[in-house]
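Participant: Each chain is listed here by its residues.
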Amino acid sequence: MRHASAFVLGAVALAACDAPRPDQPQLWTLFDVQQLYADGAPDAIATDAGLPGGVPLSSMLDPNAPHTALTIAPGWAEGYPVGYATTEVWTRFDEVWAQPVYIPVSGWSGGMPQNQSPKPIFSVGPNSLFYSPYWQMIYVEVPDGRAKSAREILDGKYPLHPSRGWMAALTPQDVGLGAPPAMPTPGTPAMGTGWLDGASIPFVKFPAASVGIGADAVVEEVPIFHFVFVKDDGTWAAPAIPTVLGTGPLYSNTLPPTDAAGVPTGAYSAYWRVYVVVVPFTARVFAPPGSPTAQALQDVPSVAATMYGDILSTATEAELNERYGRVVLDEKCLTTVADSKPGFGGCRYLDSQLAIEAAVPKNLIVRTDVTVTCPLVTVKGNPVP
Amino acid sequence: MTARWLRPFVLVAPLLIASAARAQEAEPEPINDSEGYTPPPESATPLSINGYVDVGFAKAQGDGTSFAPTDTRVPLDYGVDGFAPAVNARGDAASTDPGPGRVVNGFLPRSAGIGGRPSFLLNTLNVDFKYTSAAAPLMVFSRVQFLPRFFGQSQSVDGGDGTRVVVEQAFGRLVPFDSQELALSVGKFDSVFGIEYLDNQANIRTGVTPSLIARYTTGQSIGAKLFYRLQIAPIASALSLNVAVTNSGTFIEVLQPPDANLTGAPVASGRLGYELNASALQAKLGASAMVGPRNDQPERSAQQRAYGADLRIAVAGIYLNAEYVRVDQGQGGPKTTSVGTYPFASAFWARGGYVQLAYALALDAGPLRKLTLYGRYDHRHAWFEGYTPITVDRITGGLRLDLWDAVILKGEYLVNRELEGAPIVDNNVFTSSLVYSW
Numbered sequence: 001m002r003h004a005s006a007f008v009l010g011a012v013a014l015a016a017c018d019a020p021r022p023d024q025p026q027l028w029t030l031f032d033v034q035q036l037y038a039d040g041a042p043d044a045i046a047t048d049a050g051l052p053g054g055v056p057l058s059s060m061l062d063p064n065a066p067h068t069a070l071t072i073a074p075g076w077a078e079g080y081p082v083g084y085a086t087t088e089v090w091t092r093f094d095e096v097w098a099q100p101v102y103i104p105v106s107g108w109s110g111g112m113p114q115n116q117s118p119k120p121i122f123s124v125g126p127n128s129l130f131y132s133p134y135w136q137m138i139y140v141e142v143p144d145g146r147a148k149s150a151r152e153i154l155d156g157k158y159p160l161h162p163s164r165g166w167m168a169a170l171t172p173q174d175v176g177l178g179a180p181p182a183m184p185t186p187g188t189p190a191m192g193t194g195w196l197d198g199a200s201i202p203f204v205k206f207p208a209a210s211v212g213i214g215a216d217a218v219v220e221e222v223p224i225f226h227f228v229f230v231k232d233d234g235t236w237a238a239p240a241i242p243t244v245l246g247t248g249p250l251y252s253n254t255l256p257p258t259d260a261a262g263v264p265t266g267a268y269s270a271y272w273r274v275y276v277v278v279v280p281f282t283a284r285v286f287a288p289p290g291s292p293t294a295q296a297l298q299d300v301p302s303v304a305a306t307m308y309g310d311i312l313s314t315a316t317e318a319e320l321n322e323r324y325g326r327v328v329l330d331e332k333c334l335t336t337v338a339d340s341k342p343g344f345g346g347c348r349y350l351d352s353q354l355a356i357e358a359a360v361p362k363n364l365i366v367r368t369d370v371t372v373t374c375p376l377v378t379v380k381g382n383p384v385p
Numbered sequence: 386m387t388a389r390w391l392r393p394f395v396l397v398a399p400l401l402i403a404s405a406a407r408a409q410e411a412e413p414e415p416i417n418d419s420e421g422y423t424p425p426p427e428s429a430t431p432l433s434i435n436g437y438v439d440v441g442f443a444k445a446q447g448d449g450t451s452f453a454p455t456d457t458r459v460p461l462d463y464g465v466d467g468f469a470p471a472v473n474a475r476g477d478a479a480s481t482d483p484g485p486g487r488v489v490n491g492f493l494p495r496s497a498g499i500g501g502r503p504s505f506l507l508n509t510l511n512v513d514f515k516y517t518s519a520a521a522p523l524m525v526f527s528r529v530q531f532l533p534r535f536f537g538q539s540q541s542v543d544g545g546d547g548t549r550v551v552v553e554q555a556f557g558r559l560v561p562f563d564s565q566e567l568a569l570s571v572g573k574f575d576s577v578f579g580i581e582y583l584d585n586q587a588n589i590r591t592g593v594t595p596s597l598i599a600r601y602t603t604g605q606s607i608g609a610k611l612f613y614r615l616q617i618a619p620i621a622s623a624l625s626l627n628v629a630v631t632n633s634g635t636f637i638e639v640l641q642p643p644d645a646n647l648t649g650a651p652v653a654s655g656r657l658g659y660e661l662n663a664s665a666l667q668a669k670l671g672a673s674a675m676v677g678p679r680n681d682q683p684e685r686s687a688q689q690r691a692y693g694a695d696l697r698i699a700v701a702g703i704y705l706n707a708e709y710v711r712v713d714q715g716q717g718g719p720k721t722t723s724v725g726t727y728p729f730a731s732a733f734w735a736r737g738g739y740v741q742l743a744y745a746l747a748l749d750a751g752p753l754r755k756l757t758l759y760g761r762y763d764h765r766h767a768w769f770e771g772y773t774p775i776t777v778d779r780i781t782g783g784l785r786l787d788l789w790d791a792v793i794l795k796g797e798y799l800v801n802r803e804l805e806g807a808p809i810v811d812n813n814v815f816t817s818s819l820v821y822s823w
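Sequence order for the protein chains is S and X. Once you know that position 74 of the first sequence is 74 in this note's numbering, the rest is easy, because the numbers rise by one and skip nothing. Heads up, this note's numbering is the position in the second sequence plus 385, with the first residue counted as 1.
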């Protein structure tokens, strides 16, 4: 008996010792970010998943607005300037899943939905780790307003017509795109209200965003590149300079989305895996003193370019804006406006996936445990078509 | 259609009742308050081998699952009760196959793999070994079960043969004091939570299938257990305490693996009970609790708690069993169960219970020794964090015939209803069980 008791006590005592704790998957939605603002919490999330500094709250909801306006962040896609919003951040998710959303329609004719309701019926809410803003659109032939939950749709055995993927982030009341860019026109990002388990739920939709849904409803991810610089003490710095949006899996040479005429469109993926790109030591950022980008480099001023030739004295404001924040592989090319013109001059900018893959060794393109929803809202300064 | 399977039982019941030749008698006192069903300790030989064979025949509606055919939510098992279409005493569902392209997250029972087709099943071949030492107050018990299963050509789960051999119990029990009902068990043993674990085995259970809350309270696990009972003879009563520290607590193995501790910290569970053992009336009341890290993930901070209350009354051949349980689980890390790994263990809450009423009529009609009619009502409300809460219930009715002392024939019909949240599906079940004991 004594031996048995000792065995039990020993087991319990050993169990009380601390063991290493693995990290949990986490998801932050706009609901969470608004709450973090309200709580006065630290100004960044996802700080422990491989992305130096994490994701600033200000990159999701504009701190200058009453936390209701989506921030539009700058980036490069195939060398073009783009603007994108960030609506969700995941850490340690190997995959996220598309959920069904039901769009009531009055009928189905010629393979097309008739009288589409503006109030979609969502199936999973933002408090679940299985929530994602990527939806498998399913048209359902049901009178508008008769069904307000996924259960009612399934129980009603109404005719269902699965369709394409769709991106719409569920949001707290009043959260949406601020101004600029304000583009409440058909086909562009817009706010709306749908149903979730019988209750009204606001959303902001991004119809142009491409949603690739693979086997088992897994959403296809595409790389988004964040630049980091190695400081003199060996640590990394991740200044707030524009990111680079990829086109497909690493080294896949996936073509960018274009329209029928070959013009770039905003139909990029909205689901991104963050990769950090450790910038080659020769690379510099186009950030003349006093420029908006120079402010972003205050922690690592040494990575700002110092050679600008006659660019600063001869370039127009538009030409300067076209260059601010770009990472150039070797600043010696920054001599004239013509020579430094992105895409045409002699400068090699790291402003596309292809350029990064060509110029940066593989071991310096590092996958993080951070994935984000970042739908494009502008391309070349214009609203996404 | 399924009602056809009930006809033989409906027809035979009045005949058997009419032939009753002797008065009813009280059902024997369960002998397993401490460690689940085990043979009595007064065996003539140090080593005894007992067991049973449970052969079933079952037919479930639909495809044998609780999944609505057009439901594509992820994960599918969060929005329905996959345990509802149970077909045997182990709680195996007729099917758990979500079908191609649909995703589940490990909140499902084991599957009998029969889908919606009527099928014979060899539910369990159970072999018990018990050794009682002559030189020490020690009993060693092991229960090995053979579970033949076949999963056919499913596209979404591993097909083919799924037969398993399970060491369901293996423990040593010390009874150090002759004068005290005090026992310390170490090894793998039954739950100590509530009362339904007492009916885990097909040769003990009144009906065929477990309740809708059995998944939380009836699992075996590995650890140590202390049982103490204090008899209060003047009032024909007793107080008992049954406490355990184990790897996985009291959830069934398919939800939380019992054979390894994934967090490094034990789960504590226990039941405090009162018994009234009067000649005309036996009553038992109990309160149970479980607390500790959930053992389907590696985070110690992901705690689970369960509280329960139970009641049993036996009087004049009528047996009333009732139990209520409340379960709260925090969010954990990557999920690992006995059937696979999943993205994460979501926070989860459940409240549920059942009431079972049985009437046993003792008979002396040829081989027929006893006839028992029983019914049970189950109710369960549960929800995963952020997911639509579901409320389901179940109405079970059945008949049990005890033949000689070694054969039990049971048949029952389960009416599963989705009351809220979960889509309504055809998942009622007829199931039966023929149990041979030795």
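To be clear, the hints were calculated from the coordinates, so they are not data collected in a lab. Predicted model, so just to flag it, every value in this text is computed and none were measured. Check before you lean on any hint, since a few could be wrong.
Unchecked claim - If you only want the chain X side, here are some residues facing chain S, beta carbon under 7 Å, derived: (1) THR455; (2) GLY484; (3) VAL488; (4) TYR709; (5) ARG711; (6) GLY715; (7) GLY725; (8) THR726; (9) GLU770; (10) TYR772; (11) THR773; (12) ILE809.
Virtual Cβ for every residue (Gly too), placed ideally from N, Cα, C.
Participant: Each of the hints needs a verdict: does it hold here or not?
Facilitator: Status of each hint after checking the structure:
Given the 7 Å rule on beta carbons, the hint for THR455/X holds: about 6 Å separates it from the nearest Cβ of chain S. At about 11 Å, the closest approach between the beta carbon of GLY484/X and any beta carbon in chain S exceeds 7 Å, and the interface hint on this residue is violated. Interface restraint check: VAL488/X against chain S, minimum CB-CB distance 5 Å, threshold 7 Å, status holds. Below 7 Å, beta-carbon pairs count as interface contacts, and TYR709/X has none with chain S, the closest being about 26 Å; its hint is therefore violated.
With a cut of 7 Å, the hint placing ARG711/X at the interface with chain S is violated, because the nearest CB-to-CB distance is about 21 Å. For the restraint placing GLY715/X at the interface with chain S, the shortest Cβ-Cβ distance is roughly 10 Å, beyond the 7 Å limit, so the hint is violated. Given hint, GLY725/X at the interface with chain S, is violated; its Cβ is 14 Å from that chain's nearest Cβ, farther than 7 Å. Against a cut-off of 7 Å between C-beta atoms, the interface hint on THR726/X is violated, since the closest Cβ of chain S lies about 11 Å away.
For GLU770/X, the interface hint holds, the least distance from its beta-carbon to any beta-carbon of chain S being 6 Å, beneath 7 Å. For TYR772/X, the shortest C-beta to C-beta distance to chain S is roughly 5 Å, which falls under 7 Å, so the interface hint holds. Annotation: interface hint on THR773/X holds; nearest CB of chain S at approximately 5 Å, less than 7 Å. Against a cut-off of 7 Å between C-beta atoms, the interface hint on ILE809/X holds, since the closest Cβ of chain S lies about 5 Å away.
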